[in-house]
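Keeping their order, the protein sequence lines are chains E and U.
Counting from 4, one number per residue, gives the positions in the first sequence under my numbering.
Counting from 14, one number per residue, gives the positions in the second sequence under my numbering.
Please keep in mind that the hints were generated in silico from the structure rather than gathered at the bench.
Here the structure is a predicted model, which is why all the values come from computation and not from measurement.
Treat the hints with caution; some may be incorrect.
Stated by the list, open to error - Covered stretches of chain E (in silico footprint by chain U; criterion: 3 or more residues with CB under 8 Å from a CB of chain U, positions within the stretch not fixed):
#1 59 to 73
#2 218 to 227
Stated by the list, open to error - Computed list of lysine-lysine pairs in BS3-like fashion (alpha-carbon distance at most 30 Å, straight line):
#3 U/Lys228 to E/Lys116
#4 E/Lys175 to U/Lys90
#5 U/Lys260 to E/Lys231
#6 U/Lys130 to E/Lys140
#7 U/Lys282 to E/Lys201
#8 E/Lys140 to E/Lys175
#9 E/Lys175 to U/Lys130
#10 E/Lys140 to U/Lys313
#11 U/Lys90 to E/Lys116
#12 E/Lys140 to U/Lys282
#13 U/Lys90 to U/Lys282
#14 E/Lys231 to U/Lys282
#15 U/Lys289 to E/Lys175
#16 U/Lys282 to E/Lys290
#17 E/Lys14 to U/Lys282
Every residue, glycine too, gets a C-beta built ideally from N, C-alpha and C.
Listed below are the residues making up each chain.
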Amino acid sequence: MRSKNAIRQTKGDRIFVILNSLILCLIFLIVAYPVYFVILASVSDAQYVNSGTLLLWPKGFHLSGYRYVLKEERIWVGYANTILYASAGTLLGLFASLLAGYSLATPTLPGRKGIMAIMVFTMYFSGGLIPSYLIVKQLGLLDTRTIMIILGSVSVYNIILIRTFFLNTIPKELQEAASIDGCGYGRFFIQIALPLSKAIIAVIALYLVVGYWNSYFTALIYLQDNSKKPLQLFLREILLVSTESMKQQTENAEAMAEYQRLLEVIKYAVIVVSTLPVMCIYPFLQKYFVQGVMIGSLKG
Amino acid sequence: MKAITVSARKKGRLFREIRRHWILYVFLLPALLYLALFAYAPMYGIQIAFKDYSIAGGVWGSPWVGLKWFRFFFGSKLFSTVLVNTVVLSLYGLIAGFPMPIILALSLNYVKNIRFKRTLQTVTYLPHFISTVVLVGMLSVFLSPRSGFVNTIIEAITGHTIYFFGAPEYFRHLYVWSGVWQGAGWGSIIYMAALASVSPELHESAVIDGAGILKRIWHIDIPSIMPTMVIMLILNCGSIMSIGFEKVYLLQNSLNMETSEVISTYTYKMGLLQQKFSYSTAIGLFNNLINFVLLTLVNKVANKLSGYSLW
Numbered sequence: 004m005r006s007k008n009a010i011r012q013t014k015g016d017r018i019f020v021i022l023n024s025l026i027l028c029l030i031f032l033i034v035a036y037p038v039y040f041v042i043l044a045s046v047s048d049a050q051y052v053n054s055g056t057l058l059l060w061p062k063g064f065h066l067s068g069y070r071y072v073l074k075e076e077r078i079w080v081g082y083a084n085t086i087l088y089a090s091a092g093t094l095l096g097l098f099a100s101l102l103a104g105y106s107l108a109t110p111t112l113p114g115r116k117g118i119m120a121i122m123v124f125t126m127y128f129s130g131g132l133i134p135s136y137l138i139v140k141q142l143g144l145l146d147t148r149t150i151m152i153i154l155g156s157v158s159v160y161n162i163i164l165i166r167t168f169f170l171n172t173i174p175k176e177l178q179e180a181a182s183i184d185g186c187g188y189g190r191f192f193i194q195i196a197l198p199l200s201k202a203i204i205a206v207i208a209l210y211l212v213v214g215y216w217n218s219y220f221t222a223l224i225y226l227q228d229n230s231k232k233p234l235q236l237f238l239r240e241i242l243l244v245s246t247e248s249m250k251q252q253t254e255n256a257e258a259m260a261e262y263q264r265l266l267e268v269i270k271y272a273v274i275v276v277s278t279l280p281v282m283c284i285y286p287f288l289q290k291y292f293v294q295g296v297m298i299g300s301l302k303g
Numbered sequence: 014m015k016a017i018t019v020s021a022r023k024k025g026r027l028f029r030e031i032r033r034h035w036i037l038y039v040f041l042l043p044a045l046l047y048l049a050l051f052a053y054a055p056m057y058g059i060q061i062a063f064k065d066y067s068i069a070g071g072v073w074g075s076p077w078v079g080l081k082w083f084r085f086f087f088g089s090k091l092f093s094t095v096l097v098n099t100v101v102l103s104l105y106g107l108i109a110g111f112p113m114p115i116i117l118a119l120s121l122n123y124v125k126n127i128r129f130k131r132t133l134q135t136v137t138y139l140p141h142f143i144s145t146v147v148l149v150g151m152l153s154v155f156l157s158p159r160s161g162f163v164n165t166i167i168e169a170i171t172g173h174t175i176y177f178f179g180a181p182e183y184f185r186h187l188y189v190w191s192g193v194w195q196g197a198g199w200g201s202i203i204y205m206a207a208l209a210s211v212s213p214e215l216h217e218s219a220v221i222d223g224a225g226i227l228k229r230i231w232h233i234d235i236p237s238i239m240p241t242m243v244i245m246l247i248l249n250c251g252s253i254m255s256i257g258f259e260k261v262y263l264l265q266n267s268l269n270m271e272t273s274e275v276i277s278t279y280t281y282k283m284g285l286l287q288q289k290f291s292y293s294t295a296i297g298l299f300n301n302l303i304n305f306v307l308l309t310l311v312n313k314v315a316n317k318l319s320g321y322s323l324w
């Protein structure tokens, strides 16, 4: 591993390398410690978590936080809803954006520039909160699962990414040759373009899934019904909004006191349960995300 | 006569071309339908910014009131607070958040041990995938004056605890530095890519000429990522007035309102919580117009400087 220039390393360089490693280790700690601490606190005894004396390793191993989370219905309702919205929305978004991106990547399409302009304008300017709310209301989509799936599925940014991808990866000649052989645009898209675009499909799908997974704004505005709320909205209630909603659920004082005692541990356990899936999948998909950033930085 | 036949032939050709591509127009339909419903239809509703909206009247039937709501907003006590908060928060975020990914990328670029580098990259990208709700939730438990570990440390050093969420002077720091924590690693990807494309020969010959690492960073690395830096900076400037709603709203409470009320949260409260539809729409429109001008400017500048355009 040692390269030739190791011999040439001056004193200044050596100091740089050492300092650099130290700073990077510090950065590693700053990023990793909070994540580590969450896991640590989630399995510790409430007494130590409440007093804030926990720092490096778990004290009094306890799973009471998790036991509570398993019983907490809101988490599972939220999970089921989020999975539904994310999967349906991602499919819908992929469908619409791939088709649109492919069309706009066809240089001979009449009116291509105009359609592009119509799309891009929406990135610059929007109707705003209330006008959007009024439209959704008029469409009769307030407080429905449909709106949770549809909103956020199509993004012009994604369409541009897909268009850039098709422009760069599918040679014009290929389309021309296919067209001479009597292969229309529709067949070309399904039989040739789609199989070539696994990378961009992965990237867009990941973007969409993460977007749906994280957002709570749409739900905050358009949903009332608790049974339809996504995970993030319940997380907000549990982690940030006062414990009012909990108080109504727990009838007797003893259970209430116990709940109060466990509250901090429960919060940590909730964070772990809601974030772990993403954290575990992400390292395996990292290369696709990185790829997405790269495609995004290419010129259209 | 000739001109007519030529244009007629042109028309005929255009028509043939359109027919030849008909399936592509069908392909565009779903996306265009979405934009028509959720982007263009709301634009029609913007007119209520100039009306006195009532449910009975609806968008079309409510009476016109001209610029009443804009005057009301500009004249209100909150106008300057909200405007200043928005701009200060974005500028602070930009100044603190912009250099971090660059420094991280430059520094990672000189790590020889591949495994250490990979681990660092994976770990620093990780926070990007923590949702905003969970991020703010983590902040609130870590910083809790009773049980948060941060306050345990602060108390050990200074003897008293700080209630970070409950004081307006901490809001901006919380917002900005949690953003840096979450975004710096992810933001470095684009610079890592730019650095990877620097030819190794440049570095080799610089080493032969006796240039140390700092010199090479200054004379080779920074110039080669300069175009990316300029673009990122310009693009960031374009979104100065469009601070997102989600994180601010989560970090906000009645105690830190003084610094945490920004345009997007104010619009939400006026509109959906207080049902002042026209007023809220007017504020939104005001913000949108500024964003529109900023983005257009920024895109022009970026295009002039580097031939790069967002689209």
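Tested hints:
1. 59 to 73: violated (count 0)
2. 218 to 227: holds (count 4)
3. U/Lys228 to E/Lys116: Judged against 30 Å, a Cα distance of about 46 Å means the pair is violated.
4. E/Lys175 to U/Lys90: 59 Å, violated
5. U/Lys260 to E/Lys231: Within the cut-off at roughly 22 Å; holds.
6. U/Lys130 to E/Lys140: Violated, at about 51 Å.
7. U/Lys282 to E/Lys201: This hinted pair is violated, its Cα atoms lying about 43 Å apart.
8. E/Lys140 to E/Lys175: Roughly 45 Å between the alpha carbons, so the hint for E/Lys140 and E/Lys175 is violated.
9. E/Lys175 to U/Lys130: Violated, at roughly 39 Å.
10. E/Lys140 to U/Lys313: 37 Å, violated
11. U/Lys90 to E/Lys116: 45 Å, violated
12. E/Lys140 to U/Lys282: Holds. E/Lys140 to U/Lys282 sits at ~18 Å (cutoff 30 Å).
13. U/Lys90 to U/Lys282: With a Cα-Cα distance of about 16 Å, the restraint between U/Lys90 and U/Lys282 holds, given a limit of 30 Å.
14. E/Lys231 to U/Lys282: 23 Å, holds
15. U/Lys289 to E/Lys175: 53 Å, violated
16. U/Lys282 to E/Lys290: 40 Å, violated
17. E/Lys14 to U/Lys282: 60 Å, violated
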